[in-house]
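Asker: These are the residues of each chain, in order.
2 protein chains.
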Amino acid sequence: MANPTSLSVRAAAHEIASRRLSAEAYAAAWIESIEAQEAAVGAWQYFDREQALAAARRRDREGSGGPLYGISIAVKDLIDTVDMPTGYGSPIYQGSRPAADASCVALARASGAVVIGKTVTTEFAAFFPGKTANPHNLAHTPGGSSSGSAAAVAAGMAPVAFGTQTAGSIIRPAAYCGVVGYKPSFGLVARAGVKALADSLDTIGCMARSVDDTAFFIGVLTDRRDLREVSAPLAPRFGLCRTPMWDEAEPATRAALDRARAALLAAGARVDDVAVPEEQRGLAEAQDRIMRFEMARSLAWERVERADLLSPMLAQILDYGMTIGTGEYDAARAAVAKARQRLDSFFGECAAIIVPSAPGEAPEGLNSTGSPIFSRMWTALGVPCITLPAGRGDRGLPVGIQLVGRIGDDVRLMEAAMVAERALAEAA
Amino acid sequence: MANPTSLSVRAAAHEIASRRLSAEAYAAAWIESIEAQEAAVGAWQYFDREQALAAARRRDREGSGGPLYGISIAVKDLIDTVDMPTGYGSPIYQGSRPAADASCVALARASGAVVIGKTVTTEFAAFFPGKTANPHNLAHTPGGSSSGSAAAVAAGMAPVAFGTQTAGSIIRPAAYCGVVGYKPSFGLVARAGVKALADSLDTIGCMARSVDDTAFFIGVLTDRRDLREVSAPLAPRFGLCRTPMWDEAEPATRAALDRARAALLAAGARVDDVAVPEEQRGLAEAQDRIMRFEMARSLAWERVERADLLSPMLAQILDYGMTIGTGEYDAARAAVAKARQRLDSFFGECAAIIVPSAPGEAPEGLNSTGSPIFSRMWTALGVPCITLPAGRGDRGLPVGIQLVGRIGDDVRLMEAAMVAERALAEAA
Chain A
3 MANPTSLSVR AAAHEIASRR LSAEAYAAAW IESIEAQEAA VGAWQYFDRE QALAAARRRD
63 REGSGGPLYG ISIAVKDLID TVDMPTGYGS PIYQGSRPAA DASCVALARA SGAVVIGKTV
123 TTEFAAFFPG KTANPHNLAH TPGGSSSGSA AAVAAGMAPV AFGTQTAGSI IRPAAYCGVV
183 GYKPSFGLVA RAGVKALADS LDTIGCMARS VDDTAFFIGV LTDRRDLREV SAPLAPRFGL
243 CRTPMWDEAE PATRAALDRA RAALLAAGAR VDDVAVPEEQ RGLAEAQDRI MRFEMARSLA
303 WERVERADLL SPMLAQILDY GMTIGTGEYD AARAAVAKAR QRLDSFFGEC AAIIVPSAPG
363 EAPEGLNSTG SPIFSRMWTA LGVPCITLPA GRGDRGLPVG IQLVGRIGDD VRLMEAAMVA
423 ERALAEAA
Chain B
3 MANPTSLSVR AAAHEIASRR LSAEAYAAAW IESIEAQEAA VGAWQYFDRE QALAAARRRD
63 REGSGGPLYG ISIAVKDLID TVDMPTGYGS PIYQGSRPAA DASCVALARA SGAVVIGKTV
123 TTEFAAFFPG KTANPHNLAH TPGGSSSGSA AAVAAGMAPV AFGTQTAGSI IRPAAYCGVV
183 GYKPSFGLVA RAGVKALADS LDTIGCMARS VDDTAFFIGV LTDRRDLREV SAPLAPRFGL
243 CRTPMWDEAE PATRAALDRA RAALLAAGAR VDDVAVPEEQ RGLAEAQDRI MRFEMARSLA
303 WERVERADLL SPMLAQILDY GMTIGTGEYD AARAAVAKAR QRLDSFFGEC AAIIVPSAPG
363 EAPEGLNSTG SPIFSRMWTA LGVPCITLPA GRGDRGLPVG IQLVGRIGDD VRLMEAAMVA
423 ERALAEAA
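As given, the protein sequences belong to chains A and B, one line each in that order. Residue numbers for the first sequence follow the working numbering, beginning at 3 and rising by one. Residue numbers for the second sequence follow the working numbering, beginning at 3 and rising by one.
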């Protein structure tokens with residue numbers, strides 16, 4: 003058999019269930035890649051070869067299991083695991099052992115998944131970066147906050163990895179690292195046991211190498227068969243939106259959107275230009291207000307009792323969050339709620355709207371994870387989002403395009419994403 | 003000075019800040035009551051006299067603090083405390099020590115509060131009761147899930163106690179125990195560090211002896227000065243709604259609503275009969291679907307890995323929750339979202355709508371905490387709710403009336419509640 007890491011998640015689970023591939027051999031293939039690359043990439047906060055292999059062997063002994071039977075997965079270290087330390091990217095929690103698995107981890111394990119390790123997160127999924135480098139160029143950021151998850155998938159160290167997004171923490175690192183990143187509709191994946199950053203925004207999702215892998219994984223976790231079995235429809239209609247912050251799109255991102263449009267047109271799809279309504283132009287700022295207000299409260303204990311162990315950047319942001327007035331916060335929430343009610347007319351007949359995933363290629367340097375500007379408004383709205391690799395920029399680094407869908411209609415978004423993914427592959 | 007337990011929270015904080023009363027003496031007064039009654043009532047899951055007094059003495063040494071400076075508070079044992087074991091009402095977490103305070107505890111402490119202990123919760127805030135009895139008649143349930151918080155306030159063992167509500171877990175026990183229970187608008191109080199039961203429903207609130215105590219406490223925690231300084235307006239208009247489940251209202255509850263109407267009319271207020279629109283009649287059932295679906299996921303790890311330590315009742319409920327289809331869940335969420343958008347016409351010009359708090363007096367026996375039926379739809383809608391003591395039933399136990407307000411307009415609800423509280427006191 004060829005290297006099992008080349009299989010899709012769905013196919014690998016099938017092979018393992020059919021006993022043609024052992025969970026241990028599957029895990030070992032990823033572990034080999036980890037051991038070859040981790041010193042350079044730094045994607046893992048916690049990785050223990052023997053523990054990962056033992057977990058895989060337990061699956062093999064069980065002999066059968068759920069739809070993720072034997073699938074190796076990576077878990078962002080913002081998410082609790084009962085058998086691995088969970089540090090939330092902060093020295094405050096270094097070596098901390100949660101009393102339980104987070105819901106999403108328990109559900110994945112109950113479906114047969116094998117957690118092979120914890121991936122690096124920025125400090126509490128906010129802005130202060132961890133150690134991870136971009137596998138495509140180690141001098142560049144992998145993006146954040148789900149830095150390790152994106153880098154692990156990009157480097158072939160895991161087939162699928164949990165991420166979380168509060169501003170742009172799945173979409174941006176996935177785009178920077180050249181993988182697929184999927185932020186489901188707000189609330190689709192249960193959040194218990196994930197360290198809260200901003201309660202009205204925090205969303206669990208994943209990174210993987212294909213639309214199908216992400217849909218299959220999240221579909222299994224959420225018991226949504228239509229998501230799990232999603233397939234490409236004949237001719238969905240796309241919108242293309244330059245978004246209110248188009249000025250911040252670099253040439254690499256502009257070119258990626260052009261390539262996506264050309265590829266879709268070549269594949270016979272229709273692509274309409276759509277505009278964000280005037281009254282929704284402040285949503286990125288609203289998201290920023292909401293996030294800063296809520297994170298100062300979510301991290302109240304850390305801000306008050308462990309300030310000396312926060313990065314100066316985060317300490318300052320949390321203090322600032324406490325100065326945002328409740329009137330300003332309420333207005334931002336109200337603006338988002340109002341915009342959410344008007345999304346139908348924005349989408350019109352489009353199955354998905356194409357927007358930038360990030361300003362451009364991953365910036366140089368590991369001191370910042372880049373800007374979430376192109377994700378803020380969509381996260382605030384709670385709509386499902388997915389980023390697809392769409393070529394490379396002038397510096398040779400990956401660039402993504404983001405597709406956004408209707409709240410709660412993740413299936414339609416993923417169908418459209420499959421069409422776009424195929425069109426981009428054919429055009430490449 | 004008279005017994006400091008007779009002071010309002012606001013007045014006690016003022017006395018302590020003015021050094022006319024020490025935080026230690028204030029705590030000691032509550033502790034005296036705990037030691038006299040706890041053996042019978044069983045409100046506390048964790049209480050250590052010396053630890054509580056030491057925390058109060060630290061406040062006295064600090065010499066000044068926030069608006070809750072020196073105020074003794076009780077914390078439902080569903081809520082994490084870094085210095086006290088947190089058991090979530092389950093043997094699975096017996097003696098468990100969280101790594102941090104929950105947001106609401108950290109914010110209360112940062113405002114000067116003294117946590118004197120942890121109060122009994124039902125198992126994971128679901129239906130299996132703890133040890134607590136109703137202080138008004140020890141053979142009767144205190145209600146749940148915030149059983150210990152309601153009983154502690156009712157028995158004069160704490161001036162204010164944190165509770166949480168997913169169905170009727172603040173309103174019902176407060177009504178059964180004859181105290182004020184306030185469930186703020188969904189999302190008003192930050193939830194990080196509270197064990198999740200149903201993410202789209204879980205709401206933090208409190209019990210206390212007066213509307214002012216609850217508004218002051220939650221107003222301080224949320225930095226909402228208008229809530230903290232709320233006062234009774236001249237003539238708010240009330241609605242009175244028999245709700246779609248009026249058949250389940252016992253004579254004691256019907257009489258309480260009649261008394262409330264008469265008291266408000268005597269006080270010069272206007273009380274209009276209002277009806278729940280036809281399309282909102284299924285919201286209690288929708289809440290039940292949503293809760294059962296979400297709790298099976300929130301407690302996924304416990305369900306799969308610690309089933310032997312769950313009560314048979316909860317184990318069954320969680321297994322059942324996994325059988326609810328996503329279509330049924332999505333339909334319930336959609337029904338709630340639709341109803342939420344139509345609330346304006348339900349409220350009309352009313353500042354608050356009066357509805358039952360519970361079917362009647364607290365049922366006899368400690369094996370069940372009674373029915374949350376009269377809270378389900380309001381919790382689903384996310385509207386703020388408050389229950390006020392409104393006399394007693396035939397068995398001599400307290401009966402409450404519930405006031406519900408507009409989402410996000412807790413101030414207007416609390417203003418109306420102050421008017422109702424005064425009218426009921428004048429009529430008594």
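There could be a bad hint or two in this list.
As the list claims (entries may be wrong) - With a straight-line cut-off of 25 Å between C-alpha atoms, the simulated SDA-like cross-links for lysine to any residue are:
(1) 340(B) x 414(B)
(2) 340(B) x 413(A)
(3) 340(B) x 201(A)
Keep in mind the hints are simulated off the structure, nothing from the lab. Keep in mind the model is a prediction, meaning the values are calculated, not measured.
Asker: Taking the hints in turn, state whether each one holds.
Answerer: Now the hints, each set against the structure:
Simply put, residue 340(B) and residue 414(B) have alpha-carbon atoms about 23 Å apart, close enough for the 25 Å limit, and the pair holds. Of the supplied pair hints, the one linking residue 340(B) and residue 413(A) holds, its CA atoms being roughly 22 Å apart against a limit of 25 Å. Taken as a hint, the residue 340(B) and residue 201(A) pair is honoured in the structure, with Cα atoms around 22 Å apart against an allowance of 25 Å.
Of the numbered hints stated above, none is contradicted by the structure.
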